[in-house]
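Enquirer: The task is simple: from the sequences and hints, build the whole structure.
This note's numbering puts the sequence shown at residues 1 to 266.
Hints are computed from structural coordinates only; laboratory data are not their basis. Ideal Cβ placement from N, Cα and C applies to all residues, glycine included. Mixed in with the good hints there might be a few duds.
As the list claims (entries may be wrong) - Between beta-carbon pairs, the in silico distance windows are:
(1) Leu165 to Thr60: 36 to 42 angstroms
(2) Ser38 to Phe226: 21 to 27 angstroms
(3) Gly101 to Ala176: 31 to 37 angstroms
(4) Phe204 to Phe36: 26 to 32 angstroms
(5) Pro168 to Gly198: 27 to 33 angstroms
(6) Leu158 to Gly101: 36 to 42 angstroms
(7) Gly191 to Thr64: 36 to 42 angstroms
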Amino acid sequence: CNLITVPMSLSSTRLALAGVGGFFHFTAYLCTLCAFTSASSTVITPLMQLSALWMLPFSTSAATLGFAPVIRPLHLVAVLLICVGGFLPAADGCLSSVATGKFWQQRAVRFVVLGEFLICCYNVILHQATFAEGNDSDSELATHPLQFFLASRVANGLTCAMLFLAIPSLRQHLWALRKVKRRFFATAFLGECLSMTGVCLVTFSYSGFYEPSVVNAVEGGLQQLFNLLFAVISHRLLGLGRGVEQVPVKCVSLLLVCSGLALSTT
Numbered sequence: 001c002n003l004i005t006v007p008m009s010l011s012s013t014r015l016a017l018a019g020v021g022g023f024f025h026f027t028a029y030l031c032t033l034c035a036f037t038s039a040s041s042t043v044i045t046p047l048m049q050l051s052a053l054w055m056l057p058f059s060t061s062a063a064t065l066g067f068a069p070v071i072r073p074l075h076l077v078a079v080l081l082i083c084v085g086g087f088l089p090a091a092d093g094c095l096s097s098v099a100t101g102k103f104w105q106q107r108a109v110r111f112v113v114l115g116e117f118l119i120c121c122y123n124v125i126l127h128q129a130t131f132a133e134g135n136d137s138d139s140e141l142a143t144h145p146l147q148f149f150l151a152s153r154v155a156n157g158l159t160c161a162m163l164f165l166a167i168p169s170l171r172q173h174l175w176a177l178r179k180v181k182r183r184f185f186a187t188a189f190l191g192e193c194l195s196m197t198g199v200c201l202v203t204f205s206y207s208g209f210y211e212p213s214v215v216n217a218v219e220g221g222l223q224q225l226f227n228l229l230f231a232v233i234s235h236r237l238l239g240l241g242r243g244v245e246q247v248p249v250k251c252v253s254l255l256l257v258c259s260g261l262a263l264s265t266t
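Expert: Structure, rendered in structure tokens:
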């Protein structure tokens, strides 16, 4: 009887962790939205590589303690290339400016740093709860990715509701939604559906790969790549959004990110 109840209790604990992860995920999402109010997407998106850098110490510590495999050298190089490529546009092409206080005092940067730390916490919980190295015992104790996704989304929604009801400034935004046009609601709903689809799919990536920092860096690199392409197409062809600035810097950034993405597949 005890042999049956132990896996169930561990699974329940991991599902509870999924709830905590959902709280982290929404809070990170709110920080990212605040960052977007003061900087363009082609600057904010590259900074989302920070979560991969946050995650490296966590995964290294887990590997040192024997809880996870050690990251392979090529994959470590891939993470660093993607992160350096991500920082270039945010640092105006000069990485030395990242070491200055002025860079980190920017409102958008502060929000992204906090948001990416919370995303790192979410991704660590996600990987630890769902990844199994192939052992039957590990597979039995691991939470199924869909279970984790559903539990974390429920917690995400509850966190959203509680924050908007508890914080006066957010509550004002909630009441102001009555004046928003239906077309805006439809666009926001479509965007959230696409976002949730991406979150669901990447859950399977974290559950199936040994090193979460690599998955995190690849996720951020692909976001940066597609965001840059979408920004160029929407502005040049549709006349929507802001124009893309610092094109040479972003081309070098794109080259570094693509190199890291290629190495991550080896």
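Enquirer: Does each hint fit the structure? Answer for all of them.
Expert: Hints versus structure:
Against the hinted window of 36 to 42 angstroms, the Cβ-Cβ separation of Leu165 and Thr60 comes to about 40 angstroms, which satisfies the hint. Checked against the hint of 21 to 27 angstroms, the pair Ser38 and Phe226 passes, with Cβ atoms roughly 22 angstroms apart. Range check, Gly101 to Ala176: Cβ separation about 36 angstroms, and the 31 to 37 angstroms hint holds. As the Cβ distance of Phe204 to Phe36 is approximately 27 angstroms, the hint placing it in 26 to 32 angstroms holds.
Here the CB-CB span from Pro168 to Gly198 is close to 32 angstroms, well matched to the stated 27 to 33 angstroms. One distance hint, 36 to 42 angstroms for the beta-carbon pair Leu158 and Gly101, holds here, with the actual separation near 38 angstroms. Restraint check, Gly191 to Thr64: a C-beta distance of roughly 40 angstroms satisfies the suggested window 36 to 42 angstroms.
Violated hints are absent here; each numbered hint is respected by the structure.
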